[in-house]
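J.: Generate coordinates for the entire structure from the input sequences, incorporating the hints supplied.
So the chains spell out like this:
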Amino acid sequence: MRFPRPRKAKAPPTPSIGSLVRAPLIALVVLLILLAANIATAYLNLGGGQIYLNIAFALVSVGLIGTVFMELRKENALNRLCAAAGFAWLAIFLLLTFGDYLSRTIMPF
Amino acid sequence: MTTSAEDRALREPWDDLERQRQAALTGIWFFSASELLFFGGLFVAYAVNFYLWPHGSMEAGGHTGLAYGLSNTVVLLLSSAAVAVAAASARWPALGRFSRACVWVTMILGVAFLTIKGLEYRHDIEERLIPGPGFPIEARGAQLFFAFYWTSTALHAVHLTVGLGLLLRLAIVGARDPQWYSKTPAVNVTALYWGFVDVVWTILFVLIYLPGRAT
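So the sequences go chain by chain: E and H. Everything in the first sequence is counted per our numbering, starting at 115 for the first residue and increasing by one. Everything in the second sequence is counted per our numbering, starting at 43 for the first residue and increasing by one.
Any given hint might turn out to be false.
[To be verified] Calculated cross-link-like contacts (lysine to aspartate or glutamate; reagent style DMTMM-like; alpha-carbon spacing at most 25 Å):
1) Lys-188(E) / Asp-58(H)
2) Lys-188(E) / Glu-48(H)
3) Lys-188(E) / Glu-60(H)
4) Lys-188(E) / Glu-77(H)
5) Lys-188(E) / Asp-57(H)
[Unchecked claim] In silico contact screen, one side only, chain E against chain H (beta carbon under 10 Å); selected entries:
6) Val-135
7) Leu-142
8) Gln-164
9) Phe-171
10) Leu-195
11) Ala-199
12) Phe-212
13) Tyr-215
14) Ser-217
Everything labelled a hint here was simulated from the structure, so no lab data went into it. Backbone N, C-alpha and C define an ideal beta-carbon position, used for all residues, glycine too.
T.: Encoded structure:
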């Protein structure tokens, strides 16, 4: 993989603190709302199905932390691929494990 | 002999700061992906235990300290926002002080996280929630749930402590050499590591503290 040749550009003007803080601050507020929603969901009686809803909320939060706090939205394709690879392998890990467990006959104790 | 800020920020084998930055960022993303799989083993073990013993897992989840977990989640989210701002502002020398102040805020929040964690551990020990003889929950799978709890939160705390060390280094070296601070990719790399620590906690929080609340 070839990286683009870095250019010797003149330093851009210093941005205002407000412009740097805006995106993380909005993300933080959304993350706190998601957290509140997640806890509220945990108290709903969905017959054990809450955990899937909770994990879904957590994955949305993880996406937000990745794109805004960790600036994945500004990263190049290689770094995005690295981030995605971690989750892809985790999915394979879960898939193969549950391919086994879900197809087993478990003897009652 | 005095060296330029570029020379102080540049490491072998790179001869260009921008390339060093690109390589360092790709490196930390690779590292985070492999670390996700390191924690992934624990997540899969948790999932299997939850599948085999849903009632024991939920009953055990109901015994965890939600107030501790919730406050730690809020503290860590605040710290992630602070470190994200530190990283975004680090490269402008005029914002160096502001950026390093954000690093300090992150560190203070990190220490607060560990303190709350310590209080939670004390509470858990008083409740005898340690797998082994005398464990208070009889349901099958509950002890395995707490084995996951202790292992994963302790490993997470170790990662967070490493992050605190990295932040402290940025704060100390950055105060002594503000020009180095605005050139080095270490600020972004440390912020990404801290972000990863928060990502792991976001998943752990849901797995540990939320099951068994509705019952």
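J.: All hints, please: hold or fail.
T.: Right, here's what the structure says about each hint:
no.: 1; hint: Lys-188(E) / Asp-58(H); in the structure: 21 Å, holds
no.: 2; hint: Lys-188(E) / Glu-48(H); in the structure: 24 Å, holds
no.: 3; hint: Lys-188(E) / Glu-60(H); in the structure: 15 Å, holds
no.: 4; hint: Lys-188(E) / Glu-77(H); in the structure: 22 Å, holds
no.: 5; hint: Lys-188(E) / Asp-57(H); in the structure: 24 Å, holds
no.: 6; hint: Val-135; in the structure: 6 Å, holds
no.: 7; hint: Leu-142; in the structure: 4 Å, holds
no.: 8; hint: Gln-164; in the structure: 6 Å, holds
no.: 9; hint: Phe-171; in the structure: 7 Å, holds
no.: 10; hint: Leu-195; in the structure: 9 Å, holds
no.: 11; hint: Ala-199; in the structure: 5 Å, holds
no.: 12; hint: Phe-212; in the structure: 7 Å, holds
no.: 13; hint: Tyr-215; in the structure: 6 Å, holds
no.: 14; hint: Ser-217; in the structure: 12 Å, violated
The structure does not agree with numbered hint 14 stated previously, though it agrees with all others.
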